[in-house]
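Asks: Protein sequences appear in the order of chains U and L.
Just so you know, we're using this note's numbering here: the first sequence kicks off at 1 and counts up by one.
Just so you know, we're using this note's numbering here: the second sequence kicks off at 224 and counts up by one.
No wet-lab data here; the hints were simulated from the structure.
Heads up, the beta-carbon is just placed ideally off N, CA and C, and yes, glycines get one too.
Some hints here could point you the wrong way.
[What the hints assert, rightly or not] If you want a taste of the chain L side facing chain U, the calculated C-beta under 8 Å gives, among others:
| hint | residue |
| --- | --- |
| 1 | Gly324 |
| 2 | Pro325 |
| 3 | Asp328 |
| 4 | Glu344 |
| 5 | Ser386 |
| 6 | Glu408 |
| 7 | Gly410 |
| 8 | Ala418 |
| 9 | Ala421 |
| 10 | Gly422 |
[Said to hold, decoys possible] Far from chain L, some chain U residues (derived; all Cβ distances over 12 Å):
| hint | residue |
| --- | --- |
| 11 | Leu28 |
| 12 | Trp53 |
| 13 | Ala56 |
| 14 | Ile62 |
| 15 | Pro71 |
| 16 | Met138 |
| 17 | Val159 |
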Amino acid sequence: MTGPFAWFKWEALFAEWTVFGEGALMTLAASMLALALSLALGVMFGVMSTSHWKIAKAISRIYVEFIQNTPLVIQIFFYYHGLPHLGLSLPVFSIGVLGVGVYHGAYISEVVRAGIQSIPKGQREAAYSQGLNYVETMKYIILPQAKRIVLPPLANQAVSLVKNTSVLAMIAGGDLMYRADSWSSQNLYYGPAYVTTGILYLMLCLPLASLARNLEKKAEVHA
Amino acid sequence: MKGKFTILAAALLSTIVVLSGCSGGQKAPAAAKLAPEIQAIKDRGVLKVGTKVDVPKFGYKDPKSGKIEGFEVDIAKAIAKKILGDENKVDLQGVTAKTRGPLLDNGEIDIVAATFTITDERKKSYNFSDPYFTDGIGLLVKKESGIKSLKDLNGKKIGVAQSATTKKAIQEEADKQGIKLSFLEFGTYPEIKSALDAGRVDCFSVDTAILYGYLDDKTELLLDRFSPQTYGIASKKSNEALAKLINDTINELKSNGEIDKLKSKWGLK
Numbered sequence: 001m002t003g004p005f006a007w008f009k010w011e012a013l014f015a016e017w018t019v020f021g022e023g024a025l026m027t028l029a030a031s032m033l034a035l036a037l038s039l040a041l042g043v044m045f046g047v048m049s050t051s052h053w054k055i056a057k058a059i060s061r062i063y064v065e066f067i068q069n070t071p072l073v074i075q076i077f078f079y080y081h082g083l084p085h086l087g088l089s090l091p092v093f094s095i096g097v098l099g100v101g102v103y104h105g106a107y108i109s110e111v112v113r114a115g116i117q118s119i120p121k122g123q124r125e126a127a128y129s130q131g132l133n134y135v136e137t138m139k140y141i142i143l144p145q146a147k148r149i150v151l152p153p154l155a156n157q158a159v160s161l162v163k164n165t166s167v168l169a170m171i172a173g174g175d176l177m178y179r180a181d182s183w184s185s186q187n188l189y190y191g192p193a194y195v196t197t198g199i200l201y202l203m204l205c206l207p208l209a210s211l212a213r214n215l216e217k218k219a220e221v222h223a
Numbered sequence: 224m225k226g227k228f229t230i231l232a233a234a235l236l237s238t239i240v241v242l243s244g245c246s247g248g249q250k251a252p253a254a255a256k257l258a259p260e261i262q263a264i265k266d267r268g269v270l271k272v273g274t275k276v277d278v279p280k281f282g283y284k285d286p287k288s289g290k291i292e293g294f295e296v297d298i299a300k301a302i303a304k305k306i307l308g309d310e311n312k313v314d315l316q317g318v319t320a321k322t323r324g325p326l327l328d329n330g331e332i333d334i335v336a337a338t339f340t341i342t343d344e345r346k347k348s349y350n351f352s353d354p355y356f357t358d359g360i361g362l363l364v365k366k367e368s369g370i371k372s373l374k375d376l377n378g379k380k381i382g383v384a385q386s387a388t389t390k391k392a393i394q395e396e397a398d399k400q401g402i403k404l405s406f407l408e409f410g411t412y413p414e415i416k417s418a419l420d421a422g423r424v425d426c427f428s429v430d431t432a433i434l435y436g437y438l439d440d441k442t443e444l445l446l447d448r449f450s451p452q453t454y455g456i457a458s459k460k461s462n463e464a465l466a467k468l469i470n471d472t473i474n475e476l477k478s479n480g481e482i483d484k485l486k487s488k489w490g491l492k
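Given only the sequences and the hints, what does the whole structure look like? Please build it.
Replies: Here's what the structure looks like:
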């Protein structure tokens, strides 16, 4: 058999499985850091976009529109190929964390904004009438209720964030996708390489998705 | 979508040809001797060829005319002439180092003439013709870097193309000279050039013929040449008949001096 999935190609892959293992670890590390960054950015800008402070609202709007309406690949290319011409040469791993984190931060910001705005106005007014200030209102009244609404779309974002770290392959990032490209392009055994890579991404994303589902259940119980 | 439609149309067309051939009785005993894969190309009436579109002199899409031209395009035309009797019956499709293998496997193209280096490992997956060109790997660096030879690249980063044999060849040479290099792989040549310009890599290394296309005022090509690479025409592994036909054509071109004429036509050595 000589097709793309010939057995000897699988054997070659098993013999060099560490290539894929290291790639998966790198993807995992970049994903976790990017996820933390995007959550921080998302909550911050999401809250800002619902505030009455016009400047905060405007900044948040600019961030979201700018990031949401340009392709991730272009943003990554800018960090990698563009910034060095301006005298700033970030290491490729940081570009992954920063690029993907900032990108998904914008989406998460929209998720958070939608969640906050879905809480009836009366809740906020009631909180103010009890003497709570803005931060306390957010912290004790609005955000805990919004959490229930934002969890499902947030889980979507987390999963697509993991998959989107594969853009690092285009800038020689050493992530799982890059390793698969690199390995399979050398020997042209692309069949087993991409099937394995797909399964590894599945293994990275599935636990995240089920974790999110558990959190969802928990949130509903407490609601 | 368009590709699918073309395949569908081709399939329909070939069915019609086959059907009408049947109704006309068995009047083509000469054609019956042909292998089914070759017959399929004949029925289709066009040879589907994968060539480079970004390598000047080999396979390059002229931005003005929109036509793909080059040494390898001419070789593909010679093969088309051999099979179909008309050198213009070629359907050229741009491929990259990364796409040429899969496109052969899924039948989207019949042959690849795209600076495809012959290696033993690759021979397991595809049929290669005898070599029609030999080229060494070159090193392109920024003038301002002051790098003059591979030795100067000790501890530096080399940008190479995915699916190219460069990495392995340079690594072997580096081991011999006792220097350490790291490699960054990119999908296309312009990306490597961009990485060189941005200082992401210190050296752009692929086959020398390809590097000539990227030489500009700020960069220079070092005199070092490594591990001569031989290019061959690749075809699907299962398609032995086509591989033989290609090889016969290549050897014919070599023996009648046609290949040397083509090389001088394109200014290649």
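Asks: Tell me the hint numbers this structure goes against, listed in increasing order.
Replies: Violated hints: none at all, because every hint is consistent with the structure.
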